[in-house]
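Taken in sequence, the protein lines are chains Y and L. The first sequence: position 126 = 125 (numbering that gives the first Met the number 0), numbered continuously. The second sequence: position 32 = 31 (numbering that gives the first Met the number 0), numbered continuously.
Hints in this document: simulated from the structure, not taken from any laboratory. One should not assume that every hint holds.
Here are the simulated distance ranges between beta carbons [what the hints assert, rightly or not]:
#	chain 1	residue 1	chain 2	residue 2	range
1	Y	V52	L	D137	27 to 37 Å
2	Y	L201	L	G172	34 to 44 Å
3	Y	G130	L	V26	43 to 53 Å
4	Y	G107	L	D137	51 to 61 Å
Where chain L lies over chain Y, by a calculated footprint (3+ residues, C-beta under 8 Å) [what the hints assert, rightly or not]:
#	stretch
5	182 to 190
6	215 to 225
7	299 to 310
Every residue gets a Cβ at the ideal spot worked out from N, C-alpha and C, and that includes glycine.
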Amino acid sequence: MIVHRAWHWWGGVLALAAVCVLGVALGTVRLSIAQVLSALTTDAAPSVHSIIVTLRLPRVVLAALVGIALGTSGATLQATLRNPLAEPYLLGVSGGAAVGAVAAMMLGASSVFWPLLAFTGAAVAVVLAIGVARGAGKSGHTDVRVLLMAGVVVGAFANALIMILLANVPANTVRGALWWMMGSVADATWYTVAWLGVYVALGVAYLMIYAPEIDVLTLGEDSAAGLGVDVSRATRRAFLASAMLAAATVAAAGLIGFVGLVVPHMARAFGLSRQRAILAGCAIIGAILVVASDLLARVVIPPSELPLGAVTAVLGVPFFLIQLRRMR
Amino acid sequence: MIRYENVTIAYDAAQPPVVSDVSLEAVRGSVTAIVGPNGSGKSTLVRALLGRVPLVNGRILIDGTDATTIPRRELARRCAVVTQREDTTFSRGVAEYIALGRFPQQGSWGAPASGDVEAVNIAARRAGVEALLGRVTDELSGGEWQRVRVARALAQGGEALVLDEPTSFLDVGHEMQVFQLASALAESGAAVLIVSHQLNLVARFATSMVMLHRGAVIAKGTPDTVMRGELLERVYDWPLVVTRDPAVNAPMLVPLRRTT
């Protein structure tokens, strides 16, 4: 087990800063680091300023916010459900959001409303899963095993609904839906960054406040109850907050898989074990992973872009496989 | 200290209760043991104390106050419970694990309270796990893990300790360590309630015993009162004799071979 050191934090922050600067500098039009920094501090050429401030910077910040949200959401779910394979998308969030977004496309709703309907779909899926778990638990307790299974089943049902919805729609709608389901931050605007930023700040602060309670939940329900935790309420609270964080990212950037699963394992690989430290680590690592993935997605075969969700998986899978080999 | 009054518990109103009209008491300065065959309702009583199963009837009192009226953290500060099972999904340092026992003492932000470090060190010393403080939980043997769990409970700082089958899967040396620790805690003034299948160790270390059978108290009192051959044969449905432990003269159960 690696013992985490203070320099790990500084290393993580510097790595995040570096990948963000590269994310702004690199792309179809390559800019120098000096150009990037000058655009942020002084007057730059209008074209350079436009590329940086209007296109690249919101994109990088949105990617970072998505990474922070998915990483902290995954860490909370894994600890609360005591399951190292738990992740937001396993629990019906992605399926519910996708149903909402596909329904919006089919109804011909303006793309402005897609995030709203995606968020609504995710919220319905999460509330449904919690309702099932609460109903199945003895004497009103939320059974985490049932919660996990309910999430999976709700997700499977949502996927079936998507297939039914897409069965008889024009090819363009199918292509749009598929691209959205593969995730992207290409359409980032400062407006999206602003609302997601507020959402992520509130959500992560909430999870940070309750982190010690989640630490105790990892001991199991009876032990947590013995330490004074209202297990059902704490489980629902953590589940709801982390699922809504993930839902917000889905609304802002579509489905970006694997981040919520792999980032908490990366944080633990650095020796982090207290939930508050894990959340902070996941925020940094999650942001690095998504910003770096987005960078790769647009520089590998310019001017075309790879789907962001596929790149995060390609980067995350090797790490996860190495971790699995190390497991005893 | 801990008092069960006419407690009846049912998981489902349509089914017969799993515990019926149980009354018992664990007082300060003593080790009280709940014994009985598998499925007799021992662990259900512990879970009822944690508020994890509903009482159909009766009540559980902590120092004379109904446990359901005591705020959860306050209850945890007064009474620590080492549950029967606890899985460590994620590894953490032993010192950090024991420090989780300080959760009931901490504020809502979860900032460490003054004296937390000292409380962890004292708990580790009392449980005999000081040497393990630098290790991580998934490197511990079964016996070490059980003692570390007891240390976490001691870190809670209460005057009552409930141990639910703390010697499961332990060898004889580690069993003795746990029971000696329970006895020492009682001698220092704690109320210790222990659920166990180890009748001979219970008879040796407990001040009083409560025998459950099919959810009801079938006998209680001193080990000499409860450890009677005909009673135990009936409860465990197995031929046995009760003799005396040659070392300390406590009653000792010896199971026999059943002749068909």
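Range hint compliance [Cβ, L201/Y to G172/L, 34 to 44 Å]: violated, 53 Å
Within 8 Å of chain L's CB atoms, at least three CB atoms from the stretch 182 to 190 of chain Y: coverage verdict: Since three or more residues must qualify, the claim that chain L covers the stretch 182 to 190 of chain Y is violated, with 0 doing so at under 8 Å.
Range agreement (Cβ of D137/L with Cβ of V52/Y, hint 27 to 37 Å): violated, 49 Å
Per-stretch coverage check for the stretch 299 to 310 of chain Y, three Cβ contacts closer than 8 Å to chain L: Not satisfied, violated; 0 residues make the cut.
Coverage of the stretch 215 to 225 of chain Y by chain L, judged on three or more residues with CB within 8 Å: holds (count 9)
Supplied distance hint 43 to 53 Å, evaluated on CB atoms of G130/Y and V26/L: About 44 Å separates the Cβ atoms of G130/Y and V26/L, which means 43 to 53 Å holds.
Distance restraint evaluation - G107/Y, D137/L, Cβ atoms, bounds 51 to 61 Å: Holds, since G107/Y and D137/L (Cβ atoms, about 55 Å apart) stay within the stated range.
Against the hints set out earlier in the document, violations occur for numbers 1, 2, 5, 7.
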